[in-house]
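There are 2 protein chains.
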Amino acid sequence: MITSPHNEKLKLVRRMHERRHREREGLFVAEGEDLIAAGAGAGAEPVVLLRSGEDVEAELLAAVSSLGSGTRVLGVYRQRWSEPGGALSVYLHAVGDPGNVGAAIRSAHALADGPVMLGPGCADPYSPKAVRASMGSIFARPPARGRLAELPGRKLALDPHAELALADVEAEPPLVVTAGAEREGVPEEALAEADLRARIPMRAGGPDSLNVAMAVTVALYELRNRMARHG
Amino acid sequence: MITSPHNEKLKLVRRMHERRHREREGLFVAEGEDLIAAGAGAGAEPVVLLRSGEDVEAELLAAVSSLGSGTRVLGVYRQRWSEPGGALSVYLHAVGDPGNVGAAIRSAHALADGPVMLGPGCADPYSPKAVRASMGSIFARPPARGRLAELPGRKLALDPHAELALADVEAEPPLVVTAGAEREGVPEEALAEADLRARIPMRAGGPDSLNVAMAVTVALYELRNRMARHG
Chain H
25 MITSPHNEKL KLVRRMHERR HREREGLFVA EGEDLIAAGA GAGAEPVVLL RSGEDVEAEL
85 LAAVSSLGSG TRVLGVYRQR WSEPGGALSV YLHAVGDPGN VGAAIRSAHA LADGPVMLGP
145 GCADPYSPKA VRASMGSIFA RPPARGRLAE LPGRKLALDP HAELALADVE AEPPLVVTAG
205 AEREGVPEEA LAEADLRARI PMRAGGPDSL NVAMAVTVAL YELRNRMARH G
Chain B
25 MITSPHNEKL KLVRRMHERR HREREGLFVA EGEDLIAAGA GAGAEPVVLL RSGEDVEAEL
85 LAAVSSLGSG TRVLGVYRQR WSEPGGALSV YLHAVGDPGN VGAAIRSAHA LADGPVMLGP
145 GCADPYSPKA VRASMGSIFA RPPARGRLAE LPGRKLALDP HAELALADVE AEPPLVVTAG
205 AEREGVPEEA LAEADLRARI PMRAGGPDSL NVAMAVTVAL YELRNRMARH G
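Quick note, the sequences are listed as chains H and B, same order.
Letter 37 of the first sequence, counting from 1, is numbered 61 in the working numbering, and no numbers are missing.
Letter 147 of the second sequence, counting from 1, is numbered 171 in the working numbering, and no numbers are missing.
Think of the hints as simulated: they come from the structure by calculation, not from any bench.
The structure presented is a predicted model; accordingly, all values stated were derived computationally and were not measured.
You may find that some hints are simply not true.
[Stated by the list, open to error] If you want a taste of the chain H side facing chain B, the calculated C-beta under 7 Å gives, among others:
id	residue
1	27
2	130
3	134
[Said to hold, decoys possible] Reference excerpt, derived from the structure (chain H facing chain B, CB under 8 Å, subset only):
id	residue
4	76
5	131
6	188
7	191
8	235
[Said to hold, decoys possible] Which stretches of chain H does chain B cover? Using the computed rule of at least three CB atoms under 8 Å from a CB of chain B, they are:
id	segment
9	135-149
10	218-229
Heads up, the beta-carbon is just placed ideally off N, CA and C, and yes, glycines get one too.
Take the sequences, apply the hints, and build the full model.
Here it is in structure tokens:
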């Protein structure tokens, strides 16, 4: 039982609060029974596993937790990265909100056969908030890294100003759903690499965009259904 | 120009960090130029408007901001609540994550004509995080409060274990999309009040649920499209 805050395992967990340490060491933290179970279900072996009151004193574990309420169990895992590909996958450009990155990873795991590729300016998918938002899908379907141009398949950019509606896209695989940060949308340099642009039709008089993770999820749902119907 | 942290307006902003004060005073805070512009666009008059370096010293404003990076402008507004209704609307049960509540408010504003009704156990839609996640839709389409049984129209519960797929639902308005917290889904007492249950079809071998805001958004997209096609 760990009883000192100077313990090396606790020091490791504290370092994991910072992106540069996560990247340098290639590790990340998952907290809570649901995430730990998702890791086990995906065959991920924790490098360190700390259970409150068993492996470590409860107060010491709470002190290194990223959750306000503390945690009963915490694991440190190796980061994994997928190869890009699949009949349906996602490319995110400059999506800085970790909750959106994690939610997109969850939705791709549920609705697509390919991973989420993270382009420049995206939040760290292995931050505590992104890991939580992935609801454990970070283990079963790790993200990919790279540039849009490297991806095989047609690139479909989600663009609120496109003429084509999503439901009218020819859903011929492989397709890469491309989306950008809320405010700027997909930047021109990424749009220039897109093979087609489509919008999610919205109510007249309402806003002209959805949250980026919502838009990606709607696109995956629509395209998956259309591929299943025509494939 | 405010130069003292003891100023009454700054005290008001600080009180707004707590839900009980927001509820008691019927007020909330929006930060940042985008949200302030969304408020103005929806005709919401701020009770207090604080611009950094104009109305208040920059450091004093940063100290009451809920954003880590501080803010250039902050407004205090009156909470507003919608009446439930519409051809397509949403009911959330025990959705405790403010980001999900805010995102659902955004999606309903973009895709539906009715508001998001918040049932028991939901996060405060007027918390800073929910207001940000609504991307300003909190001003144009305030949420409603109440119980599912009070809502007119057929209640469609999103249930990963339902036999009926979302795309096979008869999209006869008025329809209320009902969803619950991630882990528990829609509880039995709310399911008992649902007129029908439907699932969002997912990839075999993948997870059996989406983030609740994603699920609601997909349902609104599908049902809106089907109402438009048949209506």
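Where does the structure disagree with the numbered hints, that is, which hint numbers, in rising order?
1, 4 and 6
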